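Novice: Those protein sequences? They're chains A and B, same order as listed.
Residues in the first sequence are numbered consecutively from 1, following our numbering.
Residues in the second sequence are numbered consecutively from 250, following our numbering.
Please keep in mind that the hints were generated in silico from the structure rather than gathered at the bench.
Don't take each hint at face value.
[What the hints assert, rightly or not] One side of the interface only, derived from the structure: several residues of chain A facing chain B at Cβ under 8 angstroms:
#: 1; residue: 53
#: 2; residue: 54
#: 3; residue: 140
#: 4; residue: 226
[To be verified] Which chain B residues stay away from chain A? Per the calculated CB distances, all over 10 angstroms, these:
#: 5; residue: 253
#: 6; residue: 271
#: 7; residue: 307
#: 8; residue: 353
#: 9; residue: 451
#: 10; residue: 453
#: 11; residue: 461
#: 12; residue: 475
#: 13; residue: 479
#: 14; residue: 549
Every value quoted in this text rests on a predicted model; they were computed, and no experiment measured them.
From the three backbone atoms N, C-alpha and C, an ideal C-beta is built for every residue, glycine too.
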Amino acid sequence: MTGGDRFPILRTVGTDGLLVTFADRMSEEANRAALAFRSAIAALDMPGIVETATSLASAYLRFDPVETDRDTLSGGLRALMAGRDWYGASLPEGRRLWRVPTVYGTGLAPQLDEAAAAAGLTRDAAIGRLAAARVRVLTIGFAPGQPYLGPLGPEFDLPRLDKLTPMVPAGALVLAISQLVLFSNPSPTGWRHVGQTGFRCFDPGRARPFALSPGDEMQFEPVSGAELERLARDDPGGLGGAVSEEIVA
Amino acid sequence: MSLRILEIGPAASVQDAGRPGFQAQGVSRAGAADVLALHEGAALLRQRPDLAALEMAGTGGLFEVMSDLVIAMTGAPMEASADGDRLAWNASHALKRGQRLRIGAARRGTYGYLHLAGGIDADPLLGSRATHLTAGLGRAMAGGDVLKAGAGAGGAGLTLDVADRFDGGTLRVVDSFQSVLFDAETRARFAATGFRRGAQASRMGVKLDGDGSGFAARGQLNVLSEIITPGDIQMTGAGEPYVLLFECQTTGGYPRIGTVIPCDLPRAAQAPAGAPIRFEFISLEQADRLHAGFAAELARMPGRVRPRIRDPHDIADLLSYQLIGGAVSATDPGE
Chain A
1 MTGGDRFPIL RTVGTDGLLV TFADRMSEEA NRAALAFRSA IAALDMPGIV ETATSLASAY
61 LRFDPVETDR DTLSGGLRAL MAGRDWYGAS LPEGRRLWRV PTVYGTGLAP QLDEAAAAAG
121 LTRDAAIGRL AAARVRVLTI GFAPGQPYLG PLGPEFDLPR LDKLTPMVPA GALVLAISQL
181 VLFSNPSPTG WRHVGQTGFR CFDPGRARPF ALSPGDEMQF EPVSGAELER LARDDPGGLG
241 GAVSEEIVA
Chain B
250 MSLRILEIGP AASVQDAGRP GFQAQGVSRA GAADVLALHE GAALLRQRPD LAALEMAGTG
310 GLFEVMSDLV IAMTGAPMEA SADGDRLAWN ASHALKRGQR LRIGAARRGT YGYLHLAGGI
370 DADPLLGSRA THLTAGLGRA MAGGDVLKAG AGAGGAGLTL DVADRFDGGT LRVVDSFQSV
430 LFDAETRARF AATGFRRGAQ ASRMGVKLDG DGSGFAARGQ LNVLSEIITP GDIQMTGAGE
490 PYVLLFECQT TGGYPRIGTV IPCDLPRAAQ APAGAPIRFE FISLEQADRL HAGFAAELAR
550 MPGRVRPRIR DPHDIADLLS YQLIGGAVSA TDPGE
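Excised from the complex, chain B in its bound form:
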């Protein structure tokens, strides 16, 4: 079971839950920028959340179905269709050999995900299928590449209500070991500032634009290069903040004012350019409670999947469906 990529947007890559264990060797974890989307896709296909999916940044591509298979699409909602018939997002679908799947531009958010039943069976590198573009582990997908599915049946015709995280918003932050390098006034101003996600963004991190002056640390240029963790909010030499994501460097000399908590990183990664972003400092104890709730929510997710009942708004051409003769099919034509 496989899909051939006919066209693909820039920086689309195979991602799984990441490659922990190489921080000491200078390789950050990588893995899906939006961890929630990985779990949602797994729940829709009734499979493990550590299987690999295709992450698409900003826009999707055109795919040829090489053999019958079941897919799901999650993350930033994108326009999707199979041979011109619209496919619902956050749902699973059976596709037939020879069909063409088209995934267009993101309507909201940044990273969309295409999941295959059985996961994408790419060759693992150092124990993971997570592409790490800057480390040269794997590479961005290109036209002609084939996404081979692993073993697994999947379940078509399922859907899931998802957490809305595609328009920026408030990111909760804990103090980290370098927060004290910023004086109280600077930290208060930072927490009070309404930022916009800047134009510079990648899997390494996203820049934030604000209207006021920069946020300098004391002794900004003399900080000893120190451990970086995803979520860190790093200030450049000019005092401009970047929220670092899963493909960040492992150490760095720019000071960090705090760390976005893990359960808010999907929101940080998904914020499209120009989206408003604010930061709210919380205590470690609050962060621990939120994390426990997040972990519980992920564990409950498979149980929240339900059969998709058609919403007339989802049906492009209502008249082509047989409404008189009985119930509307709960599944797509061809499923």
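Same shape as in the complex, but just chain A:
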């Protein structure tokens, strides 16, 4: 499967960035292609690259125009684009699977019932599907270390709400457009607050300030409010009782 005839495409970002885009809508293949392509850019080891990143369906690089130039880098990227079928690429190595204790619904995550109804599911069926889903960190953005996770099934392709929820706490698990976001910081949101975790995506004082990397996978396992409180209290790393293991291909 590919992103269509037009893709992948190379475009400029401002004066010092290049973007290789694999689709104009979110898909698992395009996201996988972007993650694999970013790894390949790093392996190119071309001088003048300042940093790389991925968005949902693109790989990005920023360069220092004093050390290199756009044409040189574009040439390198075009050769890389043509070199293989990126939509069939495997995910980068060193990814982790995170299991995160999560309270679904209750006063801690008050929009679960509404999300279940919008998805045409009972409350329990919605919890069952969300808890069973093993979702990928599609990209990190908006706030430090904050993951966009997915894809969820089409039943969860719910539009964003017209009216923003004024504030959800850090560790909130919110749902829209077949994706989840796990909030790094307290934030207003137009997505539905369906779960609450004690997981701190970002803590500058921690040995690993950013818990997650793009390509990691997460599963949100149901616990009671009392259990979450205990887990969060007993976890000095601020991960709310989450555990992780390396994904072995």
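Once you've looked at the hints, dock chain B against the given chain A.
Specialist: Using the frame of chain A, we list chain B on its own:
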């Protein structure tokens, strides 16, 4: 060598050249809103341009000098004095222990900078001293905080002519990957519009007010969230433009009509509320030439610093100076 903050305006923060490398983790670069001011301060103190300084938004504060030290002040010109004696802006000055430095409101522009010889020796976070307010890396300065200087002697009594960038003006823009989402008519209207800097402004970005209707992209609400770079001109749902600065988000779903080139970002950041702003689209090749010129200008800046010869207009009380007995001192009393 240090300064104690007795009073300080809102959103004053320690900034350096920024913290690149964390775009992939959702953290934009931060760093001084006016990069030129950082270089000017470094040139005046004859030190490296990546040292940290205090960035002051709109207004300064009151500082107690804890031990003798040399400072420089750059960026948006603010009223400054030491124990009531006026201090020139865009200049370096020796201060004595026990003196009080007062920095008032900006006369023009938005961001003023206080540089210490040796730089501000704050604890680096993730390899940089740049405060990132929205990411929670560092925090805004408050009364009682102490700005500790790193090692370095500085050179007092120096000055520098600076690029005027404090009243808005024309910002040059290149097309970016989402520019094509805006049709030709919308882009032409955008380039022809005289904007004013709006009331909403922060280190994340500045809003622009125009008189006509908004600037909508095709499929505005269905754009896949995509990489943001500082300088991007983002259109909100209502089609209102924001120029994004160094503390912007790293990705976003609002489409961007173009990107202000890096050497014009100091002008964008410094424009005070109500200042006129226009956009001029240029080619990438033109932008590259301008950037090369900008980089060369920054490299030349240390060589443009000169001893400050007193201008009588700068002397608050001319009669208190000894004019008869010889030459006017080239340095401040007490220096």
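Novice: For which of the previously enumerated hints does the structure constitute a violation, in increasing order of number?
Specialist: 4, 6, 12 and 13
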